[in-house]
Amino acid sequence: MHIILLHNRDHDLLEDDPGREAREDVVRVAESLAHALSRDGVNAEPLAIEGDKLDFVEALRFLQPDLVVNLCESLAADSRGEMAVPCLLDALGLPYTGSSALSLGLALHKPKAKDILRAHGVSTPASFLVKKREDALAVDLPWPLIVKPAREDASVGMDFDSVVTERSALVRACESVLRTFHQPALVEQFIPGREVYVPLLGNNPRQALPLTEIHFGRAFDNRPNIVSYRAKWEEASPEYRDSPTGPCRLDAVQEARCIQTALEAFAALDCQDYGRVDLRVSPEGVPYVIDINPNCDLHPGAGFAKAAQAAGMDYAALASRIVEVAIERTHGNPHARKKGPGAARRADPANRNLLAGGAGLRHRAG
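Residue 1 is where the sequence shown starts when you use the UniProt record's numbering, and the numbers rise one by one after that.
Bear in mind the hints are in silico, worked out from the structure with no lab data behind them. Just to be clear, a hint being listed does not mean it is correct.
[To be verified] Simulated restraints on C-beta separations:
| hint | residue 1 | residue 2 | range |
| --- | --- | --- | --- |
| 1 | A311 | A219 | 38 to 48 Å |
| 2 | N204 | R167 | 46 to 56 Å |
| 3 | G93 | K131 | 17 to 27 Å |
| 4 | A126 | D159 | 20 to 30 Å |
Note that CB positions come from ideal geometry on N, CA and C, so glycine has one too.
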């Protein structure tokens with residue numbers, strides 16, 4: 001079986017990239033998954049989308065892999081390009097892991113995602129979209145509030161100043177998002193309480209892996225308990241050190257409520273295969289969806305893999321299960337797929353090496 005792990009490599013494309021660490025992490029995820037999958041007759045190798053180049057399309061057409069593990073979170077350092085990759089894979093007729101272009105696009109467009117959640121009766125914090133400075137003056141929501149970019153993920157654009165308790169701070173936070181990210185600012189009611197993650201795996205049936213929770217430590221004393229960008233990515237920061245992901249201890253009723261909310265949110269956006277739903281659980285026990293991550297971090301040290309480990313699934317087993325889930329969904333046996341002309345060409349090492357040099361493909365012996 002031949003698997004391509006398609007990922008973006010665009011972390012050095014921008015001179016001042018507020019999401020550089022998150023983009024750089026995808027490269028390491030691809031390498032880790034390739035190592036985990038390359039055994040028992042499986043040849044798994046990363047294929048990078050280099051910067052703003054699109055020659056990966058020809059590489060995939062040439063190779064005709066049995067499956068593409070789609071890890072792309074941006075194109076040309078623009079997160080909006082994430083949804084273009086499944087479109088191209090569909091056009092090539094290649095099966096892939098993870099959610100469709102529509103689901104990825106909806107999840108990334110936070111205001112639209114929240115509209116859909118509300119329409120399906122899924123609890124999510126009240127919100128207001130700020131497209132220009134003057135809009136911030138019209139926000140009429142209960143304080144405190146949290147301000148975030150409307151079309152980013154991975155905590156990009158989030159810091160302690162994102163949580164505000166009065167109008168002038170709200171205006172400053174919105175102006176910062178508008179100026180830095182050139183996109184609207186999403187203003188949400190800030191839900192105090194616990195931050196709980198529900199990892200989901202599979203389609204029919206879809207199961208929740210053991211829930212995890214962010215445990216906020218001393219760096220968050222007298223500060224908002226949020227997973228800021230520093231807390232998520234900057235390993236040398238006090239916020240990173242004092243916000244570990246660990247087991248979530250809820251009573252059976254509360255846990256079931258969180259899982260049901262996550263499943264409803266995932267289904268509302270028509271997500272598939274795997275992903276994570278982030279919740280804030282209020283002191284009254286109400287779980288609110290604050291984010292849906294259909295293309296969540298699959299690094300062996302990240303929360304999804306830790307949850308799988310808690311369920312008795314090591315990293316290699318998790319990688320294999322993600323592949324199996326995608327195969328089950330596409331109702332196809334990859335070993336029986338009808339091969340195009342690329343199948344014969346990829347058997348020629350000379351052709352493979354030429355392709356690797358031209359399209360960023362790094363061969364890993366399987």
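Exercise. Given the range 38 to 48 Å, decide if the beta-carbon distance of A311 to A219 lies inside it.
Key: violated (30 Å)
Quiz prompt | Distance restraint hint 17 to 27 Å, applied to the beta-carbon atoms of G93 and K131 | solution = Once the Cβ atoms are compared, 39 Å apart, the range 17 to 27 Å for K131 and G93 is violated.
Self-check item: Distance restraint evaluation - A126, D159, Cβ atoms, bounds 20 to 30 Å
Solution: holds (22 Å)
Self-check item: Range agreement (Cβ of R167 with Cβ of N204, hint 46 to 56 Å)
Solution: holds (48 Å)
Checked against the numbered hints given earlier, this structure breaks hints 1 and 3; the rest are met.
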